[in-house]
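Kindly generate the complete structure, drawing on both the sequences and the hints.
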Amino acid sequence: MRTLPKIPFGARVFMAAFGVALSLALTSGAQAYHNFWAGCGYEAPTFMTTMTRDAAQSYAYAASYEGYHWGGGCWNYDDADSYPYEGPGDVSSHGEGADCSGLTFKTWRESQDVAKDGRYYWRALRNVHGPYGTLAFKAGYGAPNHVVNKSTAGVMDAFSSDTHIGMVFFRSLYGGDQVIEAKCEACGTNIFYETYRSNSAYGGVGRWGWTG
Amino acid sequence: MHGLSSRMLMGGAAGVLAGVLAGIGMLSISAAGARPAGQSVPPSARLFAGAHLPPLLTRPGEPVTLHYALVCAPREDGLPCAGAGDVFIRVGQSGGFTRLPLQRGDDSKEGRYFVEVPPAIAGSPAGFSYYATLRDHETGETLTLPSGGPAAPQRSLQLDAAVDVALGPHSFGHVRHADARAVEAPWGSGAGQLGLAGSKDLGRFGPSAFDVDANGGIAVLDQVNGRLSRWNRGGVPVATTAVKVDRGLADLALEPDGTIDVLEPPSAEHHDPSLKSFRPNGSLRWAQQLSDRTWAKLARGPSGPVVLQDPSEQWLPVADHGAPHDRGAQARAAHAGRPLGSGRELLVERVGSDELRIAETAGTATVRAWRVTSATSIGEVQLAERLGARLLVVVKTYTDERDEFTALVLDHSGVSQQFSLTPSQWAETAPLARFRLAGTSLYQLGSTEAGAFVDRYDLEVTQ
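If you read the protein sequences in the order shown, they are chains A and B. Residue numbers for the first sequence follow our numbering, so the first one is 1 and each next one is one higher. Residue numbers for the second sequence follow our numbering, so the first one is 213 and each next one is one higher.
Mixed in with the good hints there might be a few duds.
[What the hints assert, rightly or not] Residues from chain A shown here face chain B by an in silico Cβ test under 8 Å; the list is partial:
no. : residue
1   : Asp81
2   : Gln112
3   : Glu194
4   : Gly203
Note that these hints are calculated values from the structure, not bench results. All residues carry an ideal CB built from backbone N, CA and C; glycine is no exception.
Here it is as structure tokens:
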């Protein structure tokens, strides 16, 4: 039987201490990595008098590649999800990205007060999800929102089910839509071809107050 | 057990000190190499993008307006892009292009930038072809749409001599029962089972696509479990092949030689969609990034897989006889219709909310065409396949509350067969991957709370 070479005691202690220190370092690093929200802001939004659908397209598209975070609403523009392996449905991991309703809320420049229908511009790094979940959006709840016929939904109108919402980026061949959406943790945020328009699980939702 | 000597104590202390310093050093290196959380960087140039829905099939005398959306990095003042663009257009499919500047409209619901095609071009019996260049005045960035530009422009043909089909209002609740259940698999990861991901609160994702092989066997892409699962013609699970795929909703096509083509979406890790080609044993032959950012559907072309891609809104070949095309080669070989072989293409266009136009073309000539209208909204076209001298089309029919699939067998006089199918979309699949035609049977991938299945509907037609 082959025997392992004897390791000096000092070397063994070095390896053990190194391991402990490294694990502490990694744990600390993971917490910093995990806590993307530490770099997010909480300033008031900028009130605006205009809100066009194509400006909303630009705002939402800029969030693509920045990840998905359930319950989140904060991202930068480095084209990467800083924490791509969060547990699904867990807001406490404080990762990068919006979830589907958070992306819609910020893109539609809505207020945290459901009674207000003004236009409020939120910076990407402003950490806000908004008061609406998918059920509320689907019902057209809140002063800025309303239900629309699915067949007439256009650019930056949305389709919402009980569990998901995505905004029409553009109509597409074969009758589907290019949809900009924060789809899931593994999917990230991006433009996907979807058939939500014809799916009875989804309803059409719109934002009042587009100015062009 | 040995006692501790002074030499051992000194060695141990030195080891602890060195180990801690080394560990801290690793932390410093790690921290220096990472981007601080939440650090803002300017939006990148890749955010300049366009979108356009081409009018593939126009009716004689129909006015044609081309609309474009132009998307750029978001502005701090909240205003839309300051952009511009030109359309380069010509009558027919050859010759020089004429430049038409895009106008900037007041509304962007269908695309802010537009140009009305002159009647002499829009009304030409030879149709017209065109491409656009778009500019962002803020950054100076430009892009060409479709990406193949003058080498593979958009093509629009006149829909003359089309067979008119008026479906009237759809009667929900009168669905046809399947002739056979070809696959029935409970949710799970064992033999004969198919994987389910997600949850009631986050949405459910089942097997994303399937195909029928030359022997009538069925292969289901079980991406949740990272495998391709096969059932024989008798509905018995016979094999699973491990394939290294992401867990996203992918499309699937089997080639005649057994090659497995899997079309994957972008993911949190991989920004760009790609086509993966696997050998029959599941080993990866190659993976090729798509030309465009988004895909809609994968199909078998005459010499390899073809993909309907956005924003080009064209069918792009991703491989030719087993060899992948790079992104530029895909764009230069794009077609407005799905290539059928022998120079023929199938053009499919959904117009408004209640009209479907389909044409099979040979070069610039229309071989046969249909114009289907419905009193109930028509959704996506899940499938359009030649069925001998006929054409099988499966579309979604919907209202705001209900939906069903409608199968139409179209012939020279209109509809020779029509029936409705239950959506059975409990779990999400790839968007246009729910149906396949094999021989004279239509197959449907569906799911319930209990599991996934593939149903077979035999079509009563002669080829």
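Right, here's what the structure says about each hint:
{"no.": "1", "hint": "Asp81", "verdict": "holds (5 Å)"}
{"no.": "2", "hint": "Gln112", "verdict": "violated (18 Å)"}
{"no.": "3", "hint": "Glu194", "verdict": "holds (6 Å)"}
{"no.": "4", "hint": "Gly203", "verdict": "holds (7 Å)"}
Comparing the model with each numbered hint stated earlier shows that hint 2 is the single one that does not hold.
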